[in-house]
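J.: Chains as they are written, first to last, in numbering that gives the first Met the number 0: chain A, 0 to 351; chain B, 0 to 351; chain C, 0 to 351; chain D, 0 to 351.
Just so you know, these hints were derived from the structure itself, not from any lab. Positions of the beta carbon are idealized from the N, C-alpha and C atoms, including for glycine. Hints may be right or wrong, so weigh each one.
[To be verified] So these bits of chain C aren't anywhere near chain B, every CB distance computed over 10 Å: (1) S17; (2) R25; (3) D37; (4) S52; (5) W67; (6) G71; (7) Q129; (8) E195; (9) R293; (10) S295; (11) Y338; (12) E345; (13) A348; (14) P351.
[As the list claims (entries may be wrong)] Here are the simulated lysine-lysine pairs, DSSO-like style, with alpha carbons at most 30 Å apart: (15) K230/C to K169/C; (16) K117/D to K5/A; (17) K169/D to K304/C; (18) K274/D to K304/C; (19) K274/C to K5/B; (20) K117/B to K5/B; (21) K3/A to K304/D; (22) K270/A to K169/A; (23) K86/A to K130/A; (24) K117/C to K274/D.
Number of protein chains: 4
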Amino acid sequence: MATKAKIGVLGASGYTGSELVRLLLRHPRAEIALLTADRRAGQEMRSVFPQFSPFDLPTLVSIDNVDWQGAGLDLIFCALPHATTQKVIKQVFAAKPDAKVVDLSADFRLHDVAAYAKWYGHEHHAPELQKEAVYGLVEIHRRDIRTARLIANPGCYTSGAQLPLTPLLKAKAIETGEIVIDAKSGMTGAGRSAKENMLFSEVSEGFHAYGVGHHRHMAELDQEFSLAAGKEVIVTFTPHLVPMNRGILSTIYVRGRRGKTPEDLHAILAKFYEKAAFVHVLPFGETPQTRHVRGSNMTFIGVAKDRVPGRAIVISALDNLVKGASGQAIQNMNLVLGYPETMGLEQVALFP
Amino acid sequence: MATKAKIGVLGASGYTGSELVRLLLRHPRAEIALLTADRRAGQEMRSVFPQFSPFDLPTLVSIDNVDWQGAGLDLIFCALPHATTQKVIKQVFAAKPDAKVVDLSADFRLHDVAAYAKWYGHEHHAPELQKEAVYGLVEIHRRDIRTARLIANPGCYTSGAQLPLTPLLKAKAIETGEIVIDAKSGMTGAGRSAKENMLFSEVSEGFHAYGVGHHRHMAELDQEFSLAAGKEVIVTFTPHLVPMNRGILSTIYVRGRRGKTPEDLHAILAKFYEKAAFVHVLPFGETPQTRHVRGSNMTFIGVAKDRVPGRAIVISALDNLVKGASGQAIQNMNLVLGYPETMGLEQVALFP
Amino acid sequence: MATKAKIGVLGASGYTGSELVRLLLRHPRAEIALLTADRRAGQEMRSVFPQFSPFDLPTLVSIDNVDWQGAGLDLIFCALPHATTQKVIKQVFAAKPDAKVVDLSADFRLHDVAAYAKWYGHEHHAPELQKEAVYGLVEIHRRDIRTARLIANPGCYTSGAQLPLTPLLKAKAIETGEIVIDAKSGMTGAGRSAKENMLFSEVSEGFHAYGVGHHRHMAELDQEFSLAAGKEVIVTFTPHLVPMNRGILSTIYVRGRRGKTPEDLHAILAKFYEKAAFVHVLPFGETPQTRHVRGSNMTFIGVAKDRVPGRAIVISALDNLVKGASGQAIQNMNLVLGYPETMGLEQVALFP
Amino acid sequence: MATKAKIGVLGASGYTGSELVRLLLRHPRAEIALLTADRRAGQEMRSVFPQFSPFDLPTLVSIDNVDWQGAGLDLIFCALPHATTQKVIKQVFAAKPDAKVVDLSADFRLHDVAAYAKWYGHEHHAPELQKEAVYGLVEIHRRDIRTARLIANPGCYTSGAQLPLTPLLKAKAIETGEIVIDAKSGMTGAGRSAKENMLFSEVSEGFHAYGVGHHRHMAELDQEFSLAAGKEVIVTFTPHLVPMNRGILSTIYVRGRRGKTPEDLHAILAKFYEKAAFVHVLPFGETPQTRHVRGSNMTFIGVAKDRVPGRAIVISALDNLVKGASGQAIQNMNLVLGYPETMGLEQVALFP
């Protein structure tokens with residue numbers, strides 16, 4: 000029997016934390032060795048997430064009480080809030096320089112120190128690590144991830160936009176000045192903090208946009224799209240909230256460049272993802288639904304022809320907690336630990 | 000006490016029919032004198048819509064059994080399916096040439112006989128009436144409506160797009176070649192017919208686009224936008240389904256023309272709707288939510304600046320069954336019968 | 000034109016507060032003269048509830064700044080949290096002994112000082128007022144309400160249980176020792192405070208009971224049921240949460256006494272509510288749905304035969320924010336101010 | 000590598016069919032060899048359930064075209080509608096007497112020919128098989144199942160009632176004359192057929208009971224409860240529909256017999272299920288939520304004390320498509336094929 004890697008999950012009382020636990024419990028080469036949750040320290044996981052009641056899991060502890068060297072962790076998932084994350088990861092590497100960390104926050108996604116300061120309004124607390132971190136969208140940066148010590152797991156919205164757009168930008172197949180991304184997310188994307196505007200009664204039976212014209216995820220898109228296109232790309236991006244738990248659908252409006260038809264764009268994507276385990280390009284003209292990827296690590300992509308000549312509509316669907324967060328993080332873990340990329344991530348979507 | 004007009008509702012077993020009944024029951028100058036529902040003929044309205052159980056309403060009858068002259072109806076709402084409508088309205092006017100009809104179907108919205116044949120795949124059954132019909136978006140065509148005999152009530156998607164865009168097109172304030180309308184609708188927009196893809200289990204906890212690149216509502220948009228702009232306008236339009244009952248949110252991406260800023264666009268809309276009872280333009284930068292107009296005849300419009308220079312994001316929200324259908328229809332009725340435009344339509348939105 | 004009463008709403012930033020505003024805005028004899036919301040003082044109502052954006056409403060003020068004598072209010076609705084309420088109402092009557100108050104909290108529902116202390120764990124802050132207060136379930140206590148100065152508006156769960164059970168208990172038609180009330184409520188019943196367990200993601204796509212075996216509403220049931228039966232009655236009551244905004248369905252299991260059949264029980268209820276404007280007894284064997292009373296002040300009651308001989312299943316449905324709270328409160332206001340009982344409460348249910 | 004059993008799924012276009020496919024795709028010892036769907040014969044599974052788009056699955060065929068001998072199936076799941084099932088299974092056994100069949104319909108759950116005829120209004124088409132069939136609630140009938148040829152998978156409602164009640168009845172710990180089961184189910188329990196009353200707009204934002212006083216599942220409860228108690232037991236049972244996809248919560252009201260306290264009842268259940276992999280008894284006083292078992296084969300059971308002396312409230316939660324149908328069916332398959340009972344059923348619940 001193969002040995003199991005000892006895994007720590009920092010921030011286990013949030014939704015990305017619980018999703019990591021859900022997936023790790025069935026990963027054949029992972030053992031959950033540490034769970035932290037500062038405000039719930041001393042409690043059992045079952046009191047925070049009753050679905051784990053039948054399982055044996057470590058008692059929740061406070062991060063301050065962790066001995067990073069002594070814990071003997073093979074890999075650490077960090078699912079902590081913005082800003083806290085920087086400080087904690089700095090401490091982890093100070094105590095254990097050979098640690099492996101997959102960070103699910105936004106803290107290490109921007110490589111540029113100045114861009115970080117501009118979008119977040121303060122200097123980064125760990126600029127050296129910021130530069131070192133590898134951006135963890137496996138389908139795009141697979142090679143760099145394998146040898147990284149610190150991986151910045153991408154955002155859910157940005158994953159939904161990058162998976163269809165990056166191959167098109169790399170192929171210089173679309174105009175970069177007319178990209179419109181109209182994104183719609185389920186509520187778990189907003190996390191588990193108790194805020195009035197996230198109450199059931201505020202959210203159900205309605206639909207709205209938010210952060211219109213300005214949203215922090217744009218910085219991540221700018222970085223990755225400009226890298227892919229080899230020149231500065233600035234897109235229009237509007238996030239919306241859907242009264243559902245899981246899923247992001249991104250409706251993306253593009254114009255083909257130099258005569259590229261919608262069929263050409265489809266062919267580029269189909270070829271790029273031919274061997275990808277977790278990105279599935281639908282037949283031309285079919286478009287995806289979030290419900291058909293729910294609970295799975297899959298992204299479905301569809302391409303359709305617009306009636307306006309030269310324009311195409313590209314739509315992606317993923318589960319924001321899986322491919323948009325914790326599934327993606329385990330995919331990164333598999334690369335870092337030398338496991339098969341799909342290990343523990345084969346669940347079929349739960350529909351209906 | 001003022002006399003009450005005798006009103007008929009054809010197709011009372013569908014959602015726009017029941018919404019007409021809901022509103023007419025509280026209209027001070029309307030009396031529901033006739034309700035038809037072919038498959039439910041002979042039944043009481045309470046067996047089709049139990050919410051009406053406490054009210055006295057006429058028994059449902061078959062259209063074939065109506066004596067159009069003898070019924071003495073002052074106005075007829077027609078909430079029948081596509082195609083059936085043309086035949087029925089032709090018969091109504093044949094029997095009673097001075098009838099007043101507000102039709103909620105798509106059958107009389109296109110003035111152009113050729114455009115109708117192209118989008119619907121067959122010749123119109125009442126081309127004379129098609130030409131005569133007045134397009135019933137009150138805020139745009141108020142004057143013509145007052146004297147019309149046959150009013151084509153606009154579609155719900157198209158109302159959500161026209162109310163914000165028509166004033167901008169009339170003012171020649173936006174580029175006509177780059178308009179993208181990303182629309183999201185609640186499920187009642189799809190009607191009450193029993194189809195697998197409209198089942199609760201198929202629709203809840205998910206989100207998707209449909210009719211991507213081709214949707215019949217586009218013909219209506221083409222007609223009205225080209226009329227407003229004084230030249231041919233073809234827009235990109237994608238409808239989506241939201242797991243909620245009521246509401247349409249339209250996120251509209253435009254580029255200002257000849258230096259027009261997002262603030263300028265906002266000012267044009269604010270001025271245009273200054274005295275409109277049912278269109279409310281939010282302060283610049285605020286954007287609407289469907290839940291805040293639910294059950295009311297209101298449309299909320301917001302304008303925000305995009306970070307891409309020169310571009311604006313315009314968002315409208317309305318209740319597809321009220322301002323997008325039955326409320327709009329009663330607004331038309333009020334004009335035709337000489338009542339105050341807001342009569343019976345003053346309900347405040349139901350939130351939460 | 001009839002004069003309008005000047006109305007104050009204390010606690011306008013919660014759901015029962017906004018529901019009062021929704022209904023009062025269309026009440027022909029009411030003028031909203033005062034809105035308080037301590038944490039939102041100085042803000043406009045539209046920033047707390049955007050659906051009111053098109054309406055002129057008083058700016059929100061702090062209760063501490065209200066001059067109860069000078070304000071000239073004809074009636075005050077108190078929609079404040081438990082315990083705060085007692086202190087505020089005491090102050091109101093101290094400053095203005097002839098004030099009229101309809102209180103929507105639980106603070107004045109129990110007449111017995113000892114029962115209050117037992118269920119709430121502390122002495123009442125205004126025991127004299129506690130004794131004076133009239134329990135405001137109009138259909139049961141109509142006469143006392145007309146002349147009251149302080150009315151304790153009933154709870155939403157208890158209204159749903161009392162309307163069907165009180166007439167049966169008064170008629171001594173059911174066994175008092177075997178009553179089981181299985182109640183299911185929408186989320187607005189839990190109010191608008193930001194709590195983790197009320198987040199959309201915690202509540203949607205699931206169902207659960209809470210407060211099993213012990214719930215404060217039981218005290219109110221004990222008082223009213225014992226009063227109706229003329230002897231002590233203790234019922235089994237279990238509340239559940241439904242992933243919907245509005246509505247309470249109470250499934251009530253009873254056994255007929257001295258040979259009373261389910262049909263007999265139905266006849267008793269039908270007779271009792273024969274002239275009631277807001278309680279509608281369905282034909283025998285039909286049972287109600289919450290969606291058919293949504294947004295209206297109606298309660299629907301159904302009675303069916305159980306297959307266990309002698310037992311009946313009685314089901315009631317009401318909108319917890321209307322008949323279960325703010326509509327009931329306005330019904331009380333109408334009695335106190337001498338208006339017709341149904342004034343401003345005639346809205347038809349919003350379905351779908 | 001262990002060999003895989005060849006599995007057929009009859010009726011793969013419904014929800015229990017797709018759920019079988021979801022689970023079988025990840026079962027290490029199962030190979031999906033046959034999928035039937037009469038109205039969709041000739042189509043790929045991905046066109047009926049797009050979530051399977053990335054997977055290789057057999058093309059859907061018509062049952063009439065299956066060669067039962069030649070197909071070489073090791074086990075057949077039958078997920079067909081009532082009545083059709085009897086005829087098909089009769090044919091299967093006629094062609095291949097040593098077939099193994101797990102039937103998910105209600106057709107073979109009643110052992111008594113007369114009871115069947117009474118509840119279903121006609122004679123059974125395969126009375127010999129009806130007598131032979133073993134009732135497949137594994138936790139109760141494990142021994143008989145291992146050697147059975149035809150297993151009648153229990154209903155979802157009845158599983159939710161039997162798992163908590165059967166051990167209490169066997170222990171003679173509760174009064175049999177006062178059992179009230181108030182059950183609430185998600186919409187997938189009603190299947191995938193296109194009916195008006197199952198449309199999203201009819202079901203969302205509301206709650207109701209149905210089949211009040213009479214429901215076919217009662218026959219199954221009568222049979223199993225009477226068997227467990229050793230005497231005739233007739234319970235009160237009311238099903239309700241919750242606007243959610245998956246899950247059944249059963250709130251069960253019982254009275255302890257001969258001094259048995261709620262704590263005693265809890266102890267009996269905890270002991271009975273001590274080693275059960277798929278039934279988890281919560282600590283005394285805690286009650287379950289359906290969301291915490293969603294997508295898993297788990298049943299959670301809670302027991303709480305009622306305030307009425309001697310009475311307890313027992314609540315169970317399961318996923319109607321998994322433990323209430325397809326997961327239970329695979330648990331039966333595992334027994335029949337000699338696999339470990341939990342194989343392929345270890346998924347952790349998907350929450351949120």
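J.: When the hints from earlier in the document are held up against this structure, which numbers fail?
T.: Violated hints: 1, 2, 4, 9, 10, 12, 13, 14, 16, 18, 20, 21, 24; rest satisfied.
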